Amino acid sequence: MAREVMEGSQAVARIVANCDVKVIAAYPITPQTHIVQELAKMHADGLIDCEFVNVEAEFSAISAILGATAAGARSFTATSSQGLALMHEVVFAAAGMRLPLVMVIANRALSAPINIWNDHQDSIAERDSGWIQIYCESVQEVVDSVVQAYKIAENKNVLLPVMVCMDGFYLTHVYEPVEIPPKSKVHKFLGKFNYPYKLDPKKPLTMGPLGFPADYARLRKQLAEAVWNSKKVIKEVHDIYAKQFGRVYGDGLLEVYGDGSIALVAMGSVCGTIKDMIDKDELKDVCLVRIRTFRPFPKDEIVEVLKDRDAVVVLDRNISLGNAGAVYLEVRDALYDEKDKPKVVDFVVGLGGVDVNKATLNYVVEKARTVKSGHVEIVDGSEVSSSY
Amino acid sequence: MPKTKDLPGGIIIDVGSTARNKTGSWRTFRPVVDLEKCTGCGICEKFCPEGCITIKKVKGYDKPKCTIDYDYCKGCLICMEECPFKAISSVVESK
Chain A
1 MAREVMEGSQ
11 AVARIVANCD
21 VKVIAAYPIT
31 PQTHIVQELA
41 KMHADGLIDC
51 EFVNVEAEFS
61 AISAILGATA
71 AGARSFTATS
81 SQGLALMHEV
91 VFAAAGMRLP
101 LVMVIANRAL
111 SAPINIWNDH
121 QDSIAERDSG
131 WIQIYCESVQ
141 EVVDSVVQAY
151 KIAENKNVLL
161 PVMVCMDGFY
171 LTHVYEPVEI
181 PPKSKVHKFL
191 GKFNYPYKLD
201 PKKPLTMGPL
211 GFPADYARLR
221 KQLAEAVWNS
231 KKVIKEVHDI
241 YAKQFGRVYG
251 DGLLEVYGDG
261 SIALVAMGSV
271 CGTIKDMIDK
281 DELKDVCLVR
291 IRTFRPFPKD
301 EIVEVLKDRD
311 AVVVLDRNIS
321 LGNAGAVYLE
331 VRDALYDEKD
341 KPKVVDFVVG
351 LGGVDVNKAT
361 LNYVVEKART
371 VKSGHVEIVD
381 GSEVSSSY
Chain B
1001 MPKTKDLPGG
1011 IIIDVGSTAR
1021 NKTGSWRTFR
1031 PVVDLEKCTG
1041 CGICEKFCPE
1051 GCITIKKVKG
1061 YDKPKCTIDY
1071 DYCKGCLICM
1081 EECPFKAISS
1091 VVESK
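Chains A and B supply the protein sequences, listed in that same order. All residue numbers for the first sequence refer to the numbering used here, where the first residue is 1 and numbers rise by one. All residue numbers for the second sequence refer to the numbering used here, where the first residue is 1001 and numbers rise by one.
So here's chain B without its partners, still in its complex pose:
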C-alpha cells in the first residue's frame, strides 16, 4: 500500500498501485513454453486467470507465440493443463 498518509479505511486513490506488488515471487512452478510446439492458438491466453499470457511476435519466429509475464505469473499451470499441443511444461522455481 502507498506510504503516503492513510485515507480512512485504507482507501487507495492511487490507481494501479497493485502493479507494484510483483506477485511472481509467490510461484513454486514456472511454466515454460516450447516455442517449436506452440502454434499461437491463444487457448492458454484465454484460460490464464491472472492475464499473464499474451500471444505476440517472438524473435526468430514468423507466427506469434505464447509469452508469459513472469512478474505476475503465480505458477498455477492452468496454461499447461489446457494447451492442446503439450507445448507448456513446468520446472520447479529455484534461485
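Extracted from the complex, chain A is given alone in its bound form:
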C-alpha cells in the first residue's frame, strides 16, 4: 500500500472515516482542532456517512457519543487538555458503564498558566478512570492504534473505552509519510459493531443504575478485572493487526529498542528522538523501553525488561504534584519486589512544550549516571546547553 505525506490530524480524520463510524461529536480545541475540522469537512463533502453532532462544549461531545455507543453506534470524539478536563465526569461514567468509546487525545498541558503546547498531564489526570490508554510514537502508530482501539474496545471480554494519545503539535501538526489502510480492509478487520446490550425500545433495559455500597464495590471490582484482563486482548489485536497490515509496535504493550544497561523509559513522540540517538550511538550504553499502554500498566512485562539493567531513567511528561512523575512512580513500584533492583530515577521533562531534544536527553542520561536512586528532577530547559 502506498504512503502519502499528510498532516497527523488529517491522517486521524482519514482513518476514522474508514472505521465505519456512525456518530461523531467533537468540539474544537488546540491542538486537536485539525482533526475535527477535517472530519467536518469530509462529512460536509459526503465522504463519511455518519451523524456529525455540532456540540457546544466537550462535556456534550462525550455525552453524545456515550449515548450513541449505548444505542449501538460506533462513535468517535477527540479532545485536548481543558476539553478533556471538562469531560472528566463522563470519562469515568463511560468506563463504569463499560461502553466501548474511542477518543483521540491530542496531548496538551493543563492550566495554569494557560498553555497550548504538549505534555501528558491531561490524559495522565484521567489514568484512574478505567479507560485503556495507548501512547503513540508516530503518526502511523496513531492511525494503526485507532483501528486497534475499536477492535480492543468492542471485544466482548473487554467492553472498555480507549484513549489513543498523540503528542500535541509533535504528532498532530507534523507532516509525515503515512499509510492509511483502505476502508474495505479496515471494515473486514473490525467487523460490525454489535454491542450486546444496546438500547432498543423493543428490549428495554436499565443502564447506569444506582449502585448501593455492596453493588458498587462488586461492579468496580468487575471493572478493575476487565482493565487488567484487557492486556491479553490488546496483545492479540496488535498481533493480528501486525499480520494483516504489517506493522509491529513491540508486543502491543511495551517496546524495547537497543540493549544498553541503562534503560530510558518513556512514552510518546520523544521515543523517536531516543531511537535516533541510539542508532547513531549518541547515548552510550542506553536502551529505550517505550510504554505503549499506560493503562493497563504492563507491570510484569516491564519488570522482565528492567530488572537486570544497571539503571532505569524515567522520562515523565507529567507530574503528580506533591510527589513525582506518574510513570516513574509506577515503574519504581513494579520493581519493588526484585532482589537486585536497579537504580530508578525520574526526570520530568517537556512540561508545557519545552523541547525535549538531544541535548536534554544527553543531560538526563549523564546526570542519571551520577545521582542516587530515587532522584526526582524537573527539567525546565534552563539546565540544558543549547550548544549540543
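Think of the hints as simulated: they come from the structure by calculation, not from any bench. Note that the structure is a prediction, hence the values are computed from the model and not measured. Treat the hints with caution; some may be incorrect.
[Claimed, not checked] Over 12 Å on every C-beta distance to chain A, these chain B residues come out as not near it, computed from the model:
no.: 1; residue: R1027
no.: 2; residue: I1055
no.: 3; residue: S1089
[As the list claims (entries may be wrong)] As a list, the in silico DSS-like pairs of lysine-lysine whose alpha-carbon atoms are at most 27 Å apart:
no.: 4; chain 1: B; residue 1: K1005; chain 2: A; residue 2: K198
no.: 5; chain 1: B; residue 1: K1005; chain 2: A; residue 2: K203
no.: 6; chain 1: A; residue 1: K156; chain 2: B; residue 2: K1022
no.: 7; chain 1: B; residue 1: K1005; chain 2: A; residue 2: K232
no.: 8; chain 1: A; residue 1: K221; chain 2: B; residue 2: K1005
no.: 9; chain 1: A; residue 1: K188; chain 2: A; residue 2: K235
no.: 10; chain 1: B; residue 1: K1057; chain 2: A; residue 2: K231
no.: 11; chain 1: A; residue 1: K299; chain 2: A; residue 2: K156
no.: 12; chain 1: A; residue 1: K203; chain 2: B; residue 2: K1086
no.: 13; chain 1: B; residue 1: K1005; chain 2: A; residue 2: K202
We treat Cβ as the ideally placed atom computed from N, Cα and C, and that holds for glycine.
We have chain A already, so just place chain B on it with the hints.
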C-alpha cells in the same frame, strides 16, 4: 439490583426491577386525604412527581377520590400544596 450474575456496567435487563425497591420507607411526612373534602378533581394526580396518586372509586363514596400509593410516596407533600380544597393534610411518619 438483581442478585443474579452482574452484566458489564451493572446493566439490568430484568425490566421493572425498580418496583421491588419500596421507596415509601424514605418518607418523613405522610399525606392524608380527607375524603369528605376531596372532590376527585385530579389536580394532585397531575402534580405528584412519583405517579403515586390515582383518582379512583373508594368504598362508601359515589364519586372517585384521591388514592395514594404509600409503597412509593416519598412524602414531598406537593399534593397537599396544590389541593384547592385543602383536602390533604400531613402527619409525621412514626412506627
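Evaluated hints:
{"no.": "1", "hint": "R1027", "in the structure": "18 Å, holds"}
{"no.": "2", "hint": "I1055", "in the structure": "28 Å, holds"}
{"no.": "3", "hint": "S1089", "in the structure": "32 Å, holds"}
{"no.": "4", "hint": "B/K1005 - A/K198", "in the structure": "18 Å, holds"}
{"no.": "5", "hint": "B/K1005 - A/K203", "in the structure": "19 Å, holds"}
{"no.": "6", "hint": "A/K156 - B/K1022", "in the structure": "35 Å, violated"}
{"no.": "7", "hint": "B/K1005 - A/K232", "in the structure": "23 Å, holds"}
{"no.": "8", "hint": "A/K221 - B/K1005", "in the structure": "14 Å, holds"}
{"no.": "9", "hint": "A/K188 - A/K235", "in the structure": "19 Å, holds"}
{"no.": "10", "hint": "B/K1057 - A/K231", "in the structure": "63 Å, violated"}
{"no.": "11", "hint": "A/K299 - A/K156", "in the structure": "24 Å, holds"}
{"no.": "12", "hint": "A/K203 - B/K1086", "in the structure": "43 Å, violated"}
{"no.": "13", "hint": "B/K1005 - A/K202", "in the structure": "23 Å, holds"}
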